[in-house]
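Taking the hints into account, I'd like the entire structure generated from these sequences.
Protein chains: 2
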Amino acid sequence: MNTRLTHFSAGSEGLWGIREIRTIKGSPLPHAERLQLAENAPSSESAWLLRGIRSNARYTTADEKAQLDARQEGLGRRDSTVAVLIPIRKSEEWWQLSQDQRRKIFEEQSKHTSVGLQYLPAIARRLYHCRDLGISEPFDFLTWFEFNPVHEKEFDALLLHLRTSREWEFVEREVDIRLEK
Amino acid sequence: MNTRLTHFSAGSEGLWGIREIRTIKGSPLPHAERLQLAENAPSSESAWLLRGIRSNARYTTADEKAQLDARQEGLGRRDSTVAVLIPIRKSEEWWQLSQDQRRKIFEEQSKHTSVGLQYLPAIARRLYHCRDLGISEPFDFLTWFEFNPVHEKEFDALLLHLRTSREWEFVEREVDIRLEK
Numbered sequence: 018m019n020t021r022l023t024h025f026s027a028g029s030e031g032l033w034g035i036r037e038i039r040t041i042k043g044s045p046l047p048h049a050e051r052l053q054l055a056e057n058a059p060s061s062e063s064a065w066l067l068r069g070i071r072s073n074a075r076y077t078t079a080d081e082k083a084q085l086d087a088r089q090e091g092l093g094r095r096d097s098t099v100a101v102l103i104p105i106r107k108s109e110e111w112w113q114l115s116q117d118q119r120r121k122i123f124e125e126q127s128k129h130t131s132v133g134l135q136y137l138p139a140i141a142r143r144l145y146h147c148r149d150l151g152i153s154e155p156f157d158f159l160t161w162f163e164f165n166p167v168h169e170k171e172f173d174a175l176l177l178h179l180r181t182s183r184e185w186e187f188v189e190r191e192v193d194i195r196l197e198k
Numbered sequence: 018m019n020t021r022l023t024h025f026s027a028g029s030e031g032l033w034g035i036r037e038i039r040t041i042k043g044s045p046l047p048h049a050e051r052l053q054l055a056e057n058a059p060s061s062e063s064a065w066l067l068r069g070i071r072s073n074a075r076y077t078t079a080d081e082k083a084q085l086d087a088r089q090e091g092l093g094r095r096d097s098t099v100a101v102l103i104p105i106r107k108s109e110e111w112w113q114l115s116q117d118q119r120r121k122i123f124e125e126q127s128k129h130t131s132v133g134l135q136y137l138p139a140i141a142r143r144l145y146h147c148r149d150l151g152i153s154e155p156f157d158f159l160t161w162f163e164f165n166p167v168h169e170k171e172f173d174a175l176l177l178h179l180r181t182s183r184e185w186e187f188v189e190r191e192v193d194i195r196l197e198k
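So the sequence lines, in the order shown, correspond to chains A and B. Numbering-wise, this note's numbering comes out as the position in the first sequence, counting from 1, plus 17. Numbering-wise, this note's numbering comes out as the position in the second sequence, counting from 1, plus 17.
Simulated from the structure, these hints should not be mistaken for lab results. A couple of the hints might just be wrong.
Just so you know, same-sequence chains aren't split out, so a pair can sit in one copy or run between any two.
What the hints assert, rightly or not - Straight-line distance between alpha carbons at most 25 Å, and here's what the computed SDA-like set of lysine to any residue pairs gives:
| hint | residue 1 | residue 2 |
| --- | --- | --- |
| 1 | Lys170 | Arg88 |
| 2 | Lys121 | Ala83 |
| 3 | Lys198 | Thr20 |
| 4 | Lys82 | Asp117 |
| 5 | Lys82 | Glu109 |
| 6 | Lys121 | Asn73 |
| 7 | Lys121 | His178 |
| 8 | Lys121 | Leu179 |
Here it is, written out as structure tokens:
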């Protein structure tokens, strides 16, 4: 999965079994058995279908990028048998903020990158953007995480940090989809 | 045209007559008679078709936004009978830079916002993003300018400033489409 665009299709097929779908905020997504990741949209009908595109980093500084690059490992590690997909939509208020205001909330107030860094390389992640794919996308981002099951408690601690941060006051929809290979 | 997504369709129809298409860098766009702006893609065939989406500001600080908001006027002014559409693609090198590196080149080195501010309210502008609409977009941005024909020399001075800036070293394709109502 090194293409820029990825379709996340929930239904009866796919490498990943869906263990649980937790609605954190806003409308839920219906349950399904399996999740398929593919560059193209599936030809058969899905329980639900999300799509996201990899894009340039929006907040990361050169120093932070160097630290991330030094510590992070790729997706697809053999022992990363648990994955979590977290679709998020932020409020219009967030998108109307200026770049410096968003950066300040994201990092200086919420420590999004510096706290995430503490969980590397155990928790691998990849961000997909949705908001500018079209005018009717249900989410702004999809974040994909992969780790060894022994790290699931640490992962939950990372989520707890983020969900109680200033940045998360701007989150108006969030779903937490737990998967296993 | 207050929708987020806009299609720019060149052919025999549209409010704007195409006066000239100048290829500044990279592949040209073929000539056509008229340009139509619409939310949806046209049903008939076009000489060429570009699309862009309005999105959040990527570099503007709160201070700069306040200055811009205080000086700028909207599109569609009665005496703005000249428009210019400038599609641009930047290099992969640009997109691999971190946010602080891009901001530094954009504003501290190239004065993109502060010089543009000097031409307000005469030169009205609107930015459309293309890069994250899909994986095969020919351009990264479309910028739309509108002004009274008496300001065309000032507009060319603004373009000269930008085209000789550090930021423009990352531009690998640029077309300059002059239009009149």
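Going down the list of hints, with the structure as the test:
no.: 1; hint: Lys170 x Arg88; verdict: within (20 Å within a copy, 52 Å between copies)
no.: 2; hint: Lys121 x Ala83; verdict: both (20 Å within a copy, 18 Å between copies)
no.: 3; hint: Lys198 x Thr20; verdict: within (21 Å within a copy, 42 Å between copies)
no.: 4; hint: Lys82 x Asp117; verdict: both (18 Å within a copy, 11 Å between copies)
no.: 5; hint: Lys82 x Glu109; verdict: between (28 Å within a copy, 17 Å between copies)
no.: 6; hint: Lys121 x Asn73; verdict: both (19 Å within a copy, 16 Å between copies)
no.: 7; hint: Lys121 x His178; verdict: within (17 Å within a copy, 31 Å between copies)
no.: 8; hint: Lys121 x Leu179; verdict: within (15 Å within a copy, 29 Å between copies)
Going through the hint list in order, the structure satisfies each hint without exception.
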